Amino acid sequence: MPGMSSQLFADLRAAFASESMTAQRYAYFAEIAEIEGHLAVAQTLRELASTTDCVAHGHLDLLRFEADPSTRQPLGDTELNVAAALTGELHESADLYPKLSEHAHDEGLADVASWLETLTALKGAHVTRLQSTLAELRAQELTGRHTAAGTGD
Amino acid sequence: MGATEIDRPAPVARYDASSITILSGLDAVRRTPSMYVGSTGPEGLHHLVSELIDNAVDESEAGYCRTLSVVLRGDGSCVVTDDGRGIPVDIHPATGRPACEVLLTTLHSGGKFAGGSYANSAGLHGVGLSCVNALAEWLELDVWRDGRHLRQSFARGRQASELTDLGPSDRRGTSIAFKPDPTVLDAVEFSADVLVNRLEEVAFLHPALTVEMRDERTGRHVTLNHSGGVAAFLAHRGGAATPVHEQPIVISGQSGSLVLEAAVRWTDGYTEDVWSFVNTVRTEQGGAHIDGLRAALATVINRHATTNGLLEGLNREKITTTDVLEGLTAVVAIRMAHPKFDGQTKRRLQSPEVGSFVQEAVQDGLQGQFDADPELAQRIVQRVLDASRARLAARLATRTARVRQRKIEIDYSVYQKQFGIRSKNWHDSCSWLADDGLLAQHAALCDVPENARMLDVCCGSGVVGGAFRGKVGEMIGLDITPEMVSLASTRLDKVFQGTVYDLPFEDASFDLVVNREVLHLLPRPEVPVAEIFRVLRPGGQFIVGQIVPYADEDAFWMFRIFKKKQPLLFQMFREEDFRRLLLGAGFTLDKMEEYFLWESIDKWIDTHETTPEHRQQIYRLFYDAPPEVRAVHPFEVAADGSVRDRWRWCVYSLRKPAQ
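Residue numbers (numbering that gives the first Met the number 0), protein chains in the order written: chain A, 0 to 152; chain B, 0 to 658.
Simulated from the structure, these hints should not be mistaken for laboratory data. As the structure is a prediction and not an experimental result, all values here were calculated from the model. In this text, a Cβ means the ideal position worked out from N, Cα and C, and glycines have one as well. One thing to keep in mind: the hints can contain errors.
Calculated cross-link-like contacts (lysine to any residue; reagent style SDA-like; alpha-carbon spacing at most 20 angstroms) [claimed, not checked]: (1) A:K98 <-> B:D576; (2) B:K339 <-> A:E33; (3) B:K562 <-> B:A507.
Among chain A residues calculated to face chain B with C-beta under 7 angstroms, some are [unchecked claim]: (4) Y27; (5) L38; (6) A41; (7) A109; (8) S113; (9) T117; (10) L118; (11) A120; (12) G123.
FRET-style restraints, in silico, Cβ to Cβ [unchecked claim]: (13) A:H56 <-> B:E215: 51 to 61 angstroms; (14) B:G255 <-> A:S49: 31 to 41 angstroms; (15) A:T50 <-> B:G308: 43 to 53 angstroms; (16) A:K98 <-> B:R394: 24 to 34 angstroms; (17) B:R645 <-> A:L141: 38 to 48 angstroms.
Next comes chain B alone, as it looks inside the complex (with noise of 0.2 angstroms):
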């Protein structure tokens, strides 16, 4: 047997000399499927729904198709059927074969490649069809064309019986059922919800088209058909936080091929959401577009600040094209003929004459809608001017307090900005603050009698103190902002304004004293210790809880993510660190519990404190995490590039020492 034979399956029928280079090429797919797919996981095997998706958006770009449905069957297979031109079906001259078992068994061979079929292609660069069929574990394809209904399968990238024409049909279109093969995939279970939204986006961009997605696994069954375009996507899309302004500001240009369709609107939230779109293919990590929106924005923004004098206030630094990223939704759908990315899932564009093309754009039409509205453009100057002032005050932050540090002395005012401000939404800025397990490690913890004086120490809402309700007599908050005073007044009974640095109470006046997660927050934490210590009854106990680092391999990587949050960090104690401190006040240790809490990093770092630059670093630091980081920190990325961290938190019992 010949070299050339040895990977020759049994039921294939005739194989000729160009086809050993077909089967070469799919093999490659098979043996390295992120290469083309970009993964083997999740994100891999729904881009091949999205390939297959591409070529119905493609026939409906070219005019051709109107509906597209998606379903999800019960035995894991997917089907996506449209009503477009139906693939070729007549014999491909170069290879004797149906030009459709070509393009289903040859890499490299779509129309896209021959050019002049589409104008603007969405597929993987017609590697696409092919890729799908290496990957599934068998694939069958439905043709209606020219008045015929033929089918053809495939199995694990080769033919696997010739096309077969099935008898008359006055139906139109192309439908292709695969499975996912688990040999080379390691993710083979479809998620509805990812290609829901994937449909979403399609019909948004793609007024004319219906789209419908069906799930025979759960019945769910959702039809899409939206006309409002890129703005009516931004509204759909846009999230919880309050606008800025109602209206979406819409901005569109042509120039050739290139034609631009976007939407921006700012939000009062601290998270930028932009999807960008190139051919209606997602380009998750932007590109050039994004960066020409950014330049025009910034442009844009720093020009009416200037010309209306609102700069004056920045200390003569100006608007940032990252502070324009604060709040920010958008919506940014480029269609170009020949788009270049980074590698082949499409994730990046490159294409440098689209960064100009769209800086232009968008600079022209917002500074139209900017003369044309003056109360808009305030308004989006005024939030954009807030993101630059908060970005100053970060970096303010740390040297105030440093500078100040150095009489040993606290700026407090510092403290209560940080905070004040924070005060609004509290609860919502992540979910250890109200996390009901973990009140009631704290609460599980209390060992004193039932007429005991309670301090809740830098109580902030006072759920902390809260938890305690009923176990304890009497309920005393201290906080340092008034803003969190009369909010933590609604849960304890008594909430004096005052700094833990020097405690407003009475030498022995407590039974008990907690406090949680504070200590780190300042640059001498035994002075407020020792606080605690004196203004507790002898006997009487403290109960802390801290977030520490798993080992000694994660607590410099902690301390930069920490830091770039908050910059009023100053301590990543270990754990041994904090039970030194406690330990060195005087205290004696009854116990010491750990509680694990998966928290939203994305939700987490959504806050005033944490600037657009150090939210962009704080994600890399998840994504590009060191082995040895890893080996010892459990955390989570999503396909979205969402981020959940399983934060170890160590809660305390102590007593000081019965006299």
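Okay, chain A solo, but in the shape it has when bound (with noise of 0.2 angstroms):
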């Protein structure tokens, strides 16, 4: 696929936020409106999340080819995607909510701060599974290239 310009990356990028958005709020509104009882409205918002999603994904079919929307990482195979995944992690769980709480902090809002440390925790225990993951799979195709070697030669 011809690369596209830093301009229309952006854009794209975008939309795909915004569409990951969308899809999340109306699984949300879903939830609610089927706790008030309005079950049609609940399917009708279920469905447009799903389509939604599914909206979302073709922009990462485009995007996929320049970078990660998220941070930046080239993606491709796996164990790209995974790399880019523990990017991600990493910069939020030591970044992003450090920050977050600590802002909350200084608003007086504690409660705001709780949720976020929660997160922070959350985010460095997902960093440790990827990492693990990570480093299976280096594991894995390192045993498969020395196999492939052994055979083929």
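Now that you have both chains on their own, put them together as the hints suggest.
The structure is reproduced here in structure tokens:
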């Protein structure tokens, strides 16, 4: 696929972010509609959310050849994708959420700060998990290559 | 051997081309039972019996069946017998086999499918009998019909004997005995309680039917015959909460083939209990009929409140369809032809025409009763307004505490209101409050002289302090609400009203301070911990218990649940966070002990602090918990949707260093 201009990439990335957000909003609205007893509305919202999921993935179909819209890391096969995921979680655990919770504390919002701290912890756990996933993936690949070389030659 | 013959069992007699289709149909049921009966667990297992019960109910609805019996045998089998017309045994023209055999071995072959046999049918879209047969290790059918007694046996969905005539009989009816097949079902042990519950529903909704349940494993024998209809059913299932009005409001309506019977009654409890049925089959997840009911209740109550100027306190907000649920108990039974459901197991009614029918019928019915009895209307509207006010107060509780917080000032009245109301039935509000094991865990850590002076901070009812009786000399309590102060005074020597942010006590005036599950409700917990440190004498002991997450993976999930339960939650401490808070005040840690306690979430969220919407969201957080949470945090969801959560308590023993 031919490369796209940085402007188009930026705009498409923004559209991807917006569609991802839409899918989450609709799913959330659907739950509230269900609780309020508007089952038909809930169903509409769920269906729209599901379509929107598909749209967001369509954006990713295009973006993945340029870079990860979230971390700007290269995407491609699983190893690259997991590496990008790890970069994202590292940013969230080490930078995003600690700063956000500090900010919430500054504003005197203890509950918001506590919520954000639970996320710092969660993202830390995700970093650990993805690190070992990536390590296993690389180890497998190494073993695989050795085997292929052994049988091929 | 041809491909179509590979699956053929040895003892089977004659098979023709059409029977190949029949076999593959039931093989599909055996391969994925959940698609047909909901699950392979207890729910699916009992669904099989329900299916047989529903067939008897259909016969009763058609006016042919007066008795129904269910027997649980010692060998793990179940027998369902009715005195209906008996399943047809004549030769089915298309297959040349007895009709009963076709019914039991063919997917989608019920009389309900052909139409005409039953106006309103209860069973599983006609797949029922054959599904039960498919999932049974063995099944024995007895039919008494046209003066004969006939019997046929089946094994795992296939015919195992020819239909045999056992001779003349003046009896009439059908009996099916079956043993669930453990090779395709995970649960094969029947629960008498589950079945009695279902049979009770059948008996209440079918006054003409006498229902019997015999459990030969335990000797339990129940006979049910109820003539009081939905109102009696509601009174029977109503639970422990005090009703707001003594007599349930009964509403009925009919439009063409649609028939509604409903009974509603509000209680002073918080959770809603709504039992809904379509053609006597329970629709656990409600659907169009329940939506119609809620919309109608909200409309009539709003109308009454508006006309009488009662909405003024609500700040121009309206009563919502969620507010009417608080404390609502209701039975809604619909009879209709061709209902449409979400999925095979009938848990949610979809037929949209039912929604408007029920809404109209309930609006008319309730309005009529309101007009006839203004006092009743007043009581109900006031009850629902309480729920609306609580919803707005919960929203405000968070906001107010936040706004004040910016000025480093706490609005104590918010806490007084939240916990003052709770003093009513305090110990019934959850298990942990009065759990002896947990209290003993706190008391066992006590290591102070016999004449020690103890302070129970935010003492609530005083049970924690009370657990130290005999281990200390003087027991003092402190709480912010006057209601709790008077409650705790029955357990402790002296109880003060005051705030934990500014303890009304001298420096170094206590040997022991105890506290449990409080610090998470405070925006700045380091202040009270420092206050506790201050009032302890050097060398004094601080014993504190707190619920904490199991790991980094469930903290965020617990935050959402606990915040929805109690809007005044400000912290979800992980174990290391809590420890850091305590050590940060200057305490040294003697010991930390864990205690695991199963808490009923249903009970825990049955409180004014938790709005009906939050209650539903809390259930969903459990039902849809992410796998990462499930991997670290044990909880159980029962077949009826109730939830038990295994809480991790950490109880700390700390010391103020001796000087």
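Each hint, compared with the structure:
{"no.": "1", "hint": "A:K98 <-> B:D576", "result": "17 angstroms, holds"}
{"no.": "2", "hint": "B:K339 <-> A:E33", "result": "18 angstroms, holds"}
{"no.": "3", "hint": "B:K562 <-> B:A507", "result": "35 angstroms, violated"}
{"no.": "4", "hint": "Y27", "result": "10 angstroms, violated"}
{"no.": "5", "hint": "L38", "result": "6 angstroms, holds"}
{"no.": "6", "hint": "A41", "result": "10 angstroms, violated"}
{"no.": "7", "hint": "A109", "result": "4 angstroms, holds"}
{"no.": "8", "hint": "S113", "result": "5 angstroms, holds"}
{"no.": "9", "hint": "T117", "result": "4 angstroms, holds"}
{"no.": "10", "hint": "L118", "result": "6 angstroms, holds"}
{"no.": "11", "hint": "A120", "result": "4 angstroms, holds"}
{"no.": "12", "hint": "G123", "result": "6 angstroms, holds"}
{"no.": "13", "hint": "A:H56 <-> B:E215: 51 to 61 angstroms", "result": "57 angstroms, holds"}
{"no.": "14", "hint": "B:G255 <-> A:S49: 31 to 41 angstroms", "result": "35 angstroms, holds"}
{"no.": "15", "hint": "A:T50 <-> B:G308: 43 to 53 angstroms", "result": "46 angstroms, holds"}
{"no.": "16", "hint": "A:K98 <-> B:R394: 24 to 34 angstroms", "result": "28 angstroms, holds"}
{"no.": "17", "hint": "B:R645 <-> A:L141: 38 to 48 angstroms", "result": "42 angstroms, holds"}
Hint compliance for this structure: hints 3, 4, 6 are broken, all remaining hints hold.
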